[in-house]
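Two chains, two frames, a set of hints: combine them into the complex.
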Amino acid sequence: MSQLQKHWDARAALNFMLGGTGAGLMIAAALAHPAGPAPVALALALVAAGLGAVWLEIGRKLRALNVFFNPFTSWMTRESLAALAFFALGGAALWRPALLPAAALAALAFVFCQGRILYAAKGIPAWRAPQVVLLVVAASLAEGAGLALLFAAGPLPLSWFALALVLRALAWTRYAAAAPAKALEAPGKMLLQVGTVGPLLLVLVASEVAGAPQLAGAVALGTGLWLKFALVTRAAANQGYALPRLPVRGARPGSQP
Amino acid sequence: MTRWAMVADLRRCVGCQTCTAACKQANDTPPGVQWRRVLDMEVGEYPDVQRAFVPVGCMHCDDPPCMHVCPSTATKKRADGIVTIDYDLCIGCAYCAVACPYQARYKSSADAKRPDVATKCTFCVERIDAGLEKGLKPGVDPEATPACVNSCIAQALHFGDVEDPASNISQLLAENQHFRMHEELGTGPRFYYLWDKAP
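Respectively, the protein sequence lines represent chains A and B.
Its first residue numbered 27, the first sequence is counted upward by one per residue in our numbering.
Its first residue numbered -10, the second sequence is counted upward by one per residue in our numbering.
Only chain B is shown next, with the shape it has when bound in the complex (with noise of 0.2 Å):
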């Protein structure tokens, strides 16, 4: 079973922010909506400090609280992992964007695609659905990978299948220790982080 994750390599990201202008482009947001956000994180006191810059959206939950807070059923969860909003669902009531707890949420008035509506990364669900037919490998062919993902200047974001051994995030993940953000909650995102190479 096909289970799409992202892997985002924090040793590599510079915070350049081309991710999250990809992905604006891509799909097309209104100001001040950000699917693909890097934050700019400081952590520790002087003067043992680090900063790193961290990726974040959506993080396609294998267990979504936006799902099952969502009463209109606008939310969905696919075979293949990618959580999903039908805008024509969708009431605005804004559940969703209180109950996730990563931030990944929007809804704004300005979004002409997408007006008072629930909205956050899809993956590029599309692009990953066309490139499948077309027989193309998303995380490999660029034509079939998200936006985020291909623009990225230091390889640091990747794109893939974790249910297959031989993928690239799986090699990865093998390679490397990661950790995946707030997994105490049981939400079990598919956003992992690099942070070291595996001892």
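Next up, chain A with everything else stripped away, as it sits in the complex (with noise of 0.2 Å):
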């Protein structure tokens, strides 16, 4: 009797396809494009879209700063926070490049929240896997990583990318063995095949092919927004009901009658 949830659609998907490639795309910036505002703000303007499409999806959209109210024990809460330190340290990197790596920590805190948003809903056996965590943030570097390619492409964003697909990649392979989902078959193939394979051999080209990092970005990128929306809306099914024990009715052999 498990069913598919329908409270967290498409908005909520946004959320974590958004943020988590915003966040990526900061930390990518960090490490790899220490110079220039625009992937920073491109980050910020990601992440931000991404939360102003979870509060679409929220009941009482005037409420939404009681979300600050649980940091003890609700991931949601502690997402919101890192996305406040986000805001504030990247806002400030646009004209202090030197807190760049502050903003990436935030960035980071932030998708790992995100994954811990996941991993701590147990009606849903996909998300659950404790896997997820690190799918979640994985998928996330992979993404920003990609989309910095857009920005510049020397031998060091194109290492970081290389080595965060390889991460993503092994993410994705732990996380489908411990938790298989068949709303996940296809796009775990995709990213794989399409999303993994095929930017490792574009990178590998890099220097010989104009607009191969490009390209190998732009499929990363696409391959694991796909699996994101599919984890968030596809694979969430309910675990359902279970009845270990039937009832046992009636006269048992052997009773008097």
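It cannot be assumed that every hint is accurate.
Said to hold, decoys possible - Far from chain B, some chain A residues (derived; all Cβ distances over 12 Å):
1. V159
2. L196
3. L210
4. S233
5. W252
What the hints assert, rightly or not - Below, in silico cross-link-like pairs of lysine to aspartate or glutamate (EDC-like), each with a Cα-Cα straight-line distance of 20 Å or less:
6. B:K65 to B:D118
7. A:K87 to B:D100
8. B:K66 to B:E172
9. A:K87 to B:D105
10. A:K87 to B:E115
11. B:K13 to B:E164
12. A:K87 to B:D77
13. B:K102 to B:E115
14. B:K65 to B:D52
15. B:K65 to B:D77
16. A:K32 to B:D52
17. A:K32 to B:D100
18. B:K66 to B:E115
Said to hold, decoys possible - Across the chosen pairs, the derived CB separations fall in these ranges:
19. A:Q29 to B:D17: 24 to 30 Å
20. B:P19 to A:A118: 44 to 50 Å
21. A:A74 to B:D75: 26 to 32 Å
22. B:V38 to A:Q29: 18 to 24 Å
23. A:A268 to B:G21: 49 to 55 Å
24. B:M(-10) to A:A114: 41 to 47 Å
25. A:A114 to B:V129: 55 to 61 Å
26. B:V3 to A:A209: 35 to 41 Å
27. B:A119 to A:A204: 47 to 53 Å
Everything labelled a hint here was simulated from the structure, so no lab data went into it.
Given the structure is predicted, the values throughout are model-derived calculations rather than measurements.
Ideal placement from N, C-alpha and C gives every residue a C-beta, glycine not left out.
As structure tokens, this is what we get:
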């Protein structure tokens, strides 16, 4: 009697997709693109757009600030606090690039919280697998690194991108083994074959083929976003109900009439 | 320490849904929202098939995932074990609904009393509190007992203090074999299902 949860739809998925990509872009900017405000500004805009999308989903929008009330146990509150730090540090990094590493740490905290948000949802088997946390973080790193290639495609950004791709592929393989879900089979296959192997090959020829890094980044980004969308919306089936014992009714063998 | 719990005797439940109707009437829930439901489950494969009617709803867990994930602290747990929602704090993010392994939570725009916030079975907490103030015993005195239990035509549903060894439900649990749903998740549900006599 398992059925797909209907409470979180594409708007919630967008928070994981855009927020994860934005956070990954901030980390890539700190690691591989120390100069230039454009990636940082885009990272801030993406995370803001993701949070804006999820704000559209909540029932009582004017109470949105109540989301900060439970930092003791709620990963959603912690994600919101990490987002505050991310915006403050990232915004300041637009003018003071020395703050980029701090903004990247806030970004990492943000995506870690996103992973823990899914992991804490005990009603959804596809989310409560511990491996989902690393998957969400690794996917964010790869998607952000892919997007960063649109801004610069030197050896350092390409190396970080390749490393993040391998990490994401490993995280996906580990997750898929622990929590197999039919809805994730196609996006997972695409992530490995098209979103990992393809971009890695393009990275190898990046210096010889014009546009190869950008294409690699776009493909890695697209396949990662599809996987996250499927994870949040299509793989999110409830556990359903279970009867470990059935009721024993009527006369038993050997009982007196 | 009092710990309210519910017991459903699966041998007695006939799936009439009177408890569902009584709950809707008592709590004024909108269409599509059923704090108390009765599942009609078929188990097995032909010809070895069995049918069971299974009342479900909020299990008022000892360690409720819905409370831990709630970002607004709207979901709380009282000392007597009842899990409550503060409708004035809830932001309607539905995180609790996806975290609940029992599909017990709802959010409805059509709910005139509680629009767009999380709702669920409260064990008719207002009746319990009002009854206790009058010196009544929940689970024994109908005025202090959840509406679904009062309405059950087959006496399949029971309510009481599971920490009191002399209570009605403690005796039922002692006299019968029982289980709780999804115990492996460690949530400690306070909804017991009786399935056979004690050996």
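Hint-by-hint comparison with the structure:
no., hint, verdict
1, V159, "15 Å, holds"
2, L196, "27 Å, holds"
3, L210, "17 Å, holds"
4, S233, "46 Å, holds"
5, W252, "21 Å, holds"
6, B:K65 to B:D118, "16 Å, holds"
7, A:K87 to B:D100, "17 Å, holds"
8, B:K66 to B:E172, "19 Å, holds"
9, A:K87 to B:D105, "10 Å, holds"
10, A:K87 to B:E115, "28 Å, violated"
11, B:K13 to B:E164, "32 Å, violated"
12, A:K87 to B:D77, "13 Å, holds"
13, B:K102 to B:E115, "15 Å, holds"
14, B:K65 to B:D52, "11 Å, holds"
15, B:K65 to B:D77, "13 Å, holds"
16, A:K32 to B:D52, "24 Å, violated"
17, A:K32 to B:D100, "17 Å, holds"
18, B:K66 to B:E115, "15 Å, holds"
19, A:Q29 to B:D17: 24 to 30 Å, "26 Å, holds"
20, B:P19 to A:A118: 44 to 50 Å, "47 Å, holds"
21, A:A74 to B:D75: 26 to 32 Å, "29 Å, holds"
22, B:V38 to A:Q29: 18 to 24 Å, "22 Å, holds"
23, A:A268 to B:G21: 49 to 55 Å, "24 Å, violated"
24, B:M(-10) to A:A114: 41 to 47 Å, "45 Å, holds"
25, A:A114 to B:V129: 55 to 61 Å, "57 Å, holds"
26, B:V3 to A:A209: 35 to 41 Å, "37 Å, holds"
27, B:A119 to A:A204: 47 to 53 Å, "48 Å, holds"
Violated hints, listed in ascending order, are 10, 11, 16, 23; each of the other numbered hints is respected by the structure.
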